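Construct the complete structure from the given sequences, taking the supplied hints into account.
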Amino acid sequence: MKKPLEMRLALSAAVLAATSGHAVAAQAASDYRLFVACPVYRDTDSGRKSGCWLAQSPDDGMQYDVTLAPAKPDYAHAALIEGRVAAGQETGQAGQDNPCGGIVLAPVSVSILEAPCPRYMIPAEGYPGRRFALPVTNVPPLDMDRPLDKGPFAKRSFPLFFEFDSSFISYQFTDYYLDKLAHWLRSAHPRRIVVTGYGATRPVTVSGKAMAERPNVARERAETVAQSLRMLGFDAKTISTRVGRDKGRDRGPIEDDTIPGLSEYSRRRVEVTAEF
Amino acid sequence: MRSIVRRNCPEAARTHALSGKAGTKKAGMKRESRLVRIGSRGALVLSALAILAATRHETPDARWWAPGEDRVFPRQLDYPNAQGVLRVLHDGEPVRTADNAFFMPLGPNGRACVSCHQPADGMSLSVESIRDRWQATKGKDPIFAAVDGSDCPTLPQGERASHSLLLDHGLFRIERSWPPRDWSGKDVKPDFTIEVVRDPTGCNSGTRYGPNAKQPNISVYRRPRPVANLKYIEAIGFAYDPKAGLPVPVDPETGKPVAGNLMADGRVPTLTAQMNDAARAHLELSKQMTPAQKEQVLTFIRSIYTAQQAGPQGGALDADGAEGGPVTLRDLKPGQLGSTGRAVWSEFDAWGKLTPKQKAALSPQELAFRESVARGAAIFRDRNFLITDSQGINAPVGFGNPVRYSCRFCHNMSQIGIDVAPGQVDLGTTNAPFASPQLWLPLFRVTCKGKPHPFYGREILTHDPGYALTTGKCADVGRITLQSNRALAARAPYFSNGSAQDLRGIVDYYDRRYSIRYSEQEKQDLVNLMSAL
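Residue numbers (the numbering used here), protein chains in the order written: chain A, 1 to 276; chain B, 1 to 533.
Hints are supplied without guarantee of correctness; some may be wrong.
Claimed, not checked - To give an idea of the interface, some chain A residues facing chain B are shown, with a C-beta separation under 8 Å as derived from the structure:
| hint | residue |
| --- | --- |
| 1 | Asp45 |
| 2 | Pro70 |
| 3 | Pro73 |
| 4 | Glu114 |
| 5 | Ile169 |
| 6 | Asp179 |
| 7 | Met231 |
| 8 | Ala236 |
| 9 | Lys237 |
| 10 | Ser240 |
| 11 | Thr241 |
As the list claims (entries may be wrong) - Using 30 Å as the maximum straight-line C-alpha spacing, the simulated DSSO-like pairs for lysine-lysine come out as follows:
| hint | chain 1 | residue 1 | chain 2 | residue 2 |
| --- | --- | --- | --- | --- |
| 12 | A | Lys49 | B | Lys186 |
| 13 | B | Lys189 | A | Lys155 |
| 14 | B | Lys451 | B | Lys189 |
| 15 | A | Lys180 | B | Lys333 |
| 16 | B | Lys231 | A | Lys180 |
| 17 | B | Lys523 | A | Lys49 |
| 18 | A | Lys49 | B | Lys287 |
| 19 | B | Lys256 | A | Lys180 |
| 20 | A | Lys237 | B | Lys189 |
| 21 | B | Lys451 | B | Lys186 |
| 22 | B | Lys256 | B | Lys189 |
| 23 | B | Lys451 | A | Lys247 |
| 24 | A | Lys209 | B | Lys256 |
| 25 | A | Lys237 | B | Lys333 |
| 26 | B | Lys186 | B | Lys449 |
| 27 | B | Lys451 | A | Lys49 |
| 28 | A | Lys209 | B | Lys189 |
| 29 | A | Lys237 | B | Lys451 |
| 30 | A | Lys247 | A | Lys209 |
| 31 | A | Lys150 | B | Lys256 |
Just so you know, these hints were derived from the structure itself, not from any lab. Source: prediction; values computed, not measured. Built from N, CA and C at the ideal position, the CB exists for glycine as well.
Below you can see the structure in the form of structure tokens.
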């Protein structure tokens with residue numbers, strides 16, 4: 001476990017960001033996974049927050065390690081999993097960087113669904129799990145000095161991503177990007193802030209079932225982000241909300257290095273546009 | 001021990017044992033004359049002739065601060081208790097109580113803030129003090145006022161049985177409006193219905209009380225929360241509340257962000273709003289306190305720090321490199337996350353590394369106590385277990401359910417052990433099946449109308465819906481705001497519903513709730529740690 005997976009990830013994200021949206025979609029084909037399963041908690045112990053999350057895909061029968069998702073599963077509920085097989089993880093065999101006993105998905109997103117699950121928990125069985133490290137997507141504390149961003153500032157859009165059917169701003173992930181964007185807005189003083197919510201409302205077949213988000217979720221997302229900006233002190237008069245049209249799956253993932261190649265995740269988003 | 005001390009020399013006994021940094025080596029009754037700090041922490045001189053007068057009229061009952069008395073609240077007070085000595089620091093000029101609204105009976109029922117927030121009880125009110133007051137006043141002390149010092153105002157007030165929740169469990173009645181109101185006073189449309197399953201006090205049924213009353217309300221029963229170390233309770237560490245998925249909440253009055261850590265159910269955003277609530281509910285004031293009175297109370301309560309200062313053997317908790325006691329609390333910065341800054345309860349790290357020379361100078365009991373406290377702190381931080389089905393942690397934050405962590409996961413703010421983020425968490429202390437039956441408490445059935453609760457499902461049985469009585473969300477049923485872990489030795493019983501009778505009761509609750517399987521030694525170490533906070 002010497003080559004930290006997170007590092008390789010960051011690398012691949014950088015590479016991806018440099019390639020075109022089309023290339024991302026093409027690469028996605030072979031290593032892309034999208035399925036629904038009851039998550040399994042593997043009770044590994046390398047200190048705090050070191051438990052493993054596994055999920056067996058009903059589509060290919062393989063056991064995936066989804067622990068690197070920014071928001072973890074709940075063993076009492078089914079999970080929608082979208083991820084890409086991390087480089088060098090194609091077989092999930094021993095000897096690979098495999099601390100949990102599953103094929104590592106990274107990047108990966110987990111959405112908790114309402115459907116109940118039987119609370120699967122298995123022992124560590126010799127797997128170490130991952131020692132907790134503070135993610136880079138961690139909001140700095142308020143007492144930290146943060147110089148304002150330097151201009152010049154021009155029209156710019158920032159995406160924020162959400163779990164399935166949810167407008168909850170997830171901890172140490174979406175809140176980090178929201179905070180970054182708020183910091184930029186504070187530096188840039190745009191004339192208008194347009195918040196556009198999107199939902200994956202056109203159905204997609206996942207593990208044999210058609211799945212679509214609630215029609216309202218796009219508006220809820222936009223409202224939540226607009227409310228957050230107001231709570232952070234931005235003038236309500238400069239903020240407007242809209243609902244964007246879901247273009248469906250065909251468009252492929254939007255080009256953004258926060259969730260490279262996760263096309264479903266990228267449909268569940270808000271775009272905050274600063275206009276001058 | 002305590003009773004002897006109390007009768008003869010209430011606030012001064014055993015001070016000789018306290019070699020603490022802000023302490024005095026002078027013992028005896030004259031200690032009430034006070035200390036003034038000069039320069040940096042530690043340098044102390046006796047002074048304050050001006051206050052000497054105040055000490056003279058001190059009565060044997062001085063441990064109890066009665067409303068309306070004319071006394072001086074000094075810079076430092078020490079109170080013996082079963083675990084050692086509690087110290088209360090007042091970071092400001094001595095206060096004459098007859099002139100200070102915190103001590104004045106402002107309303108018709110003769111109570112003052114101090115009635116329920118007593119210095120000797122860590123600025124809360126222990127059930128022991130409550131019983132003492134019943135005895136000493138034959139039930140006439142204003143704390144027993146019908147409004148919330150009895151199980152229900154409809155009961156015959158002269159009888160002990162009508163005050164059983166206060167006398168047996170230290171619980172005051174808290175009446176919340178139904179439907180809930182938000183911070184700006186607007187009705188919230190709840191996403192659940194509430195029915196009364198059991199009403200042992202009678203205060204949740206009829207035409208005046210309960211959800212079916214003409215003006216619907218819900219009565220729950222709660223412990224007073226300590227009014228001390230408030231800079232920590234008010235501190236905002238981060239701009240976001242991970243449990244809400246939003247920035248930290250904003251006070252509608254000022255438009256400013258707030259910490260969200262007040263009251264068991266987070267029903268007020270600020271100390272000012274809290275005072276309005278207290279004046280109306282506890283003091284039965286028909287009009288508001290004046291701005292000057294509010295300012296006076298705020299200044300006073302913000303200047304109070306309290307923590308245990310000496311242990312059961314009389315040894316100072318800040319001896320030999322340790323940093324227990326309220327001085328550290330007073331002098332350090334609030335709102336810091338223990339996992340990235342000063343580790344929670346690292347105050348006692350030095351006692352885990354005593355030199356042979358230091359050890360040799362201690363009695364076997366004192367040495368054993370210190371080592372146990374240091375181990376307790378390490379257990380609190382690092383003895384991990386699986387935290388499950390606790391709303392506010394296992395959902396909706398994204399930590400996962402279950403998640404492996406320790407006591408400090410939730411109790412994460414340095415020096416105080418509250419949550420740096422707004423700390424409403426469902427430990428199960430008020431919800432079935434985790435809460436003990438507590439037949440003396442009301443029991444409600446909450447039915448979620450929309451989405452079911454992620455862990456309990458559609459129906460929840462609860463003694464106190466907690467935060468849900470503020471938000472109107474069934475997902476928040478049983479979420480209770482974490483409270484200060486300081487001055488615990490002075491203010492049993494514990495948890496907002498008084499369900500843990502003693503410190504061991506706290507550990508036993510967690511051990512059962514999360515199937516931790518602490519060893520007997522680990523339990524004892526945690527108890528010793530908590531006794532020293």
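Output the indices of the hints that this structure fails to meet, ascending. 8, 9, 10, 11, 12, 13, 18, 24, 25, 28 and 29
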